[in-house]
Amino acid sequence: MANSPLSVLRFKIIFSISWLIIAADHILLLRWFGLSWTAAVIDSVVNDGLLILTCVLIIMMLRYYLPQREKYFHLVTWCILFTIIAILLTKVILKHIFADDSEYITFFNRSLWVRASLDFLLLGCLILVSVIWYNWQEQSEQEQRKQDAEKLAKEAELFKLRQQLQPHFLFNSLNSINALIGSRPEEARKMVQQLSDFLRGTIKKEEHQWVTLKEELQYLQLYLDIEKVRFGHRLSTKIEYDEALSEMKLPALLLQPVMENAIKFGLYDTVDEIEINLKAAKEDNQLVLSVTNPFDPETSAPKGTGFGLQSVQRRLYLLFARNDLVSTETKENIFTTVIKIPQS
Amino acid sequence: MSSKVIIIDDEPLARSIVIEYIQHIPDLVVSQVCSNGYEGVKAIQQYKPDLIILDIQMPKINGFEMLELIENPPAVIFATAFDEYAIKAFEAHAIDYLLKPFNQERFEKAIKKWREQKNKSAGEKQTKQLLDDVALTAPQNQRIVIKDGSKIKIIPVQDIFYLEAADDFVKVFTKEGYFLKNKTMSHFEQVLDPSQFVRSHRSYIVNLQQITRIDPYEKENHVAVLRSGVKVPVSRTGYPKLKAILGL
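Chains E and C, in that order, are what the protein sequence lines are. The opening position of the first sequence corresponds to residue 1 in the working numbering, with each subsequent residue numbered one higher. The opening position of the second sequence corresponds to residue 1 in the working numbering, with each subsequent residue numbered one higher.
Please keep in mind that the hints were generated in silico from the structure rather than gathered at the bench. C-beta atoms are modelled at their ideal positions from N, C-alpha and C, and glycine is treated no differently. Hints are not guaranteed to be accurate.
Stated by the list, open to error - Derived lysine-lysine pairs resembling DSSO-like cross-links, with alpha carbons at most 30 Å apart: (1) C:K125 to C:K112; (2) E:K228 to C:K60; (3) E:K331 to C:K151; (4) C:K153 to E:K331; (5) C:K120 to C:K88; (6) E:K279 to E:K331; (7) C:K60 to E:K264; (8) E:K264 to C:K153; (9) C:K151 to E:K264; (10) C:K60 to E:K238; (11) E:K264 to C:K128; (12) C:K60 to E:K279; (13) E:K264 to C:K147; (14) C:K88 to E:K264; (15) E:K331 to C:K175; (16) E:K331 to C:K60; (17) E:K160 to C:K88; (18) E:K331 to C:K147; (19) C:K175 to C:K241; (20) E:K160 to E:K228; (21) E:K264 to C:K42; (22) C:K42 to E:K228.
Unchecked claim - Take a look, some chain C residues computed to stay more than 12 Å from chain E by CB distance: (23) K4; (24) P26; (25) A43; (26) F90; (27) E91; (28) K118; (29) K128; (30) K147; (31) D167; (32) Y178; (33) H187; (34) R202.
Stated by the list, open to error - Residues of chain E placed beyond 10 Å of chain C at every Cβ, according to the derived structure: (35) L35; (36) I59; (37) R110; (38) K160; (39) Q218; (40) D284.
Build the full structure now, drawing on both the sequences and the hints.
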């Protein structure tokens, strides 16, 4: 339900002052026509008092019932109706008070049309202002609802994108652990620990979205160690970065899917041993991360990003509203993914 | 007499656990372990195993693509961690598969099932149907894997010029000439993207990207002229199909 304009203190004051001015003007005008002070004041209080009551009534009515845009002509009918009621009541009350004053009665009868016109004009203005106010309120409420809905959808999507854990990775890791239990129980135990820490990381990091490069790389290392156990000598990784960059920020769990993509692309597109490289650099207040993996240009589709960088791209779009933060390039048999993260 | 087994999996620990399980079964012997489909094809030819334990996601060619390259594939037990399409296909064809990680007991159950089926010889047909089925799913329909002598050739579908029927085979024409694949025309018609490949003739499927123009030929027939200059026959029924899809 929209708030009435009278619920705002500023409008209450403006409304009261306007009324006082109208009432004072009314008194002075009647004095000028030669009425006594008493008569002028009583006339003004009754006439303008009823007017202000009608005004409040209209504001309240419009709060509960605002006609559709195509039914605005109803408002003219209302305006005429309220003017007639206010004038009739004024007439009844004043004629009752001044029943013995024939001079006043004559004056009142003569001024009736002027009073009616003025009331009609004032009530008309008030209706206009109220309709604008209520429409504006409704619109800003709708806007707010839309924004809230968008925000909710965005958060839900970000949550989902962060959480995307490949079941393939999980089950294969468990399979490796299963194999290690028989032959090398110490290593099995270590891998259980790494896998647990990795999984805990995916759950914990949701609360605080941004982490430092150092934290993200520590977390990434858990993932890489597990993958190295799985793939043995076929997989080696190299991470290069300047200590000075370790406090730069990036969205949590962003780097792991990029590495995962590069590893899968590299491992499944060639049968040889592969090396995955990660380099971090700073460029124009952006953290630039580039990941390279080998691939076979003969058999891979030219547009092939391997598996899925879309979720990374989508996440960065939701966070920065920019689509140019993920790019890929191929040079001979090396595929490079570049991620840029603007620093605030 | 003991049965020969080949294990094909790209993860070393996944291979070692299967070796370990097999050691507990007296009449099974591991002839070879392979870390990808290429090694798998060679080893199967060399050792003629009775059974293979096969992973699906592997480098270059996956487990299904490897099986397609083998003329009379031996019995297969699939071992996979997670693969929605594959599991659906296995279930549709009642083929046993192992979900990683699996234990000794589950493994022995699969072996027992294989022994029971061995005598019925229904397994080979099942495998063939399975391969036809999975060929329809991505990424298999993005490329064609062909054995060219001792080499294995992976052809991305966009590199295909056209296909031509040749007895029990299909000739797959590319810029390097043609390769033979032991499948039918109707198989390719199903597998290939119909917005990119059209069966212009009973014996031809043509890649629309390669067509430069269509010329009339003899009385009521036409030919599609490809970028390479090759002319592919277009039949009376093929012509309207081609016209409709090219928007002529």
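Evaluation of the provided hints:
no. : hint             : result
1   : C:K125 to C:K112 : 19 Å, holds
2   : E:K228 to C:K60  : 19 Å, holds
3   : E:K331 to C:K151 : 26 Å, holds
4   : C:K153 to E:K331 : 22 Å, holds
5   : C:K120 to C:K88  : 24 Å, holds
6   : E:K279 to E:K331 : 17 Å, holds
7   : C:K60 to E:K264  : 11 Å, holds
8   : E:K264 to C:K153 : 21 Å, holds
9   : C:K151 to E:K264 : 24 Å, holds
10  : C:K60 to E:K238  : 24 Å, holds
11  : E:K264 to C:K128 : 29 Å, holds
12  : C:K60 to E:K279  : 27 Å, holds
13  : E:K264 to C:K147 : 25 Å, holds
14  : C:K88 to E:K264  : 23 Å, holds
15  : E:K331 to C:K175 : 23 Å, holds
16  : E:K331 to C:K60  : 20 Å, holds
17  : E:K160 to C:K88  : 25 Å, holds
18  : E:K331 to C:K147 : 28 Å, holds
19  : C:K175 to C:K241 : 25 Å, holds
20  : E:K160 to E:K228 : 27 Å, holds
21  : E:K264 to C:K42  : 25 Å, holds
22  : C:K42 to E:K228  : 27 Å, holds
23  : K4               : 22 Å, holds
24  : P26              : 19 Å, holds
25  : A43              : 14 Å, holds
26  : F90              : 16 Å, holds
27  : E91              : 18 Å, holds
28  : K118             : 27 Å, holds
29  : K128             : 25 Å, holds
30  : K147             : 15 Å, holds
31  : D167             : 28 Å, holds
32  : Y178             : 18 Å, holds
33  : H187             : 21 Å, holds
34  : R202             : 30 Å, holds
35  : L35              : 89 Å, holds
36  : I59              : 62 Å, holds
37  : R110             : 84 Å, holds
38  : K160             : 18 Å, holds
39  : Q218             : 25 Å, holds
40  : D284             : 38 Å, holds
Hint compliance for this structure: no hint is broken.
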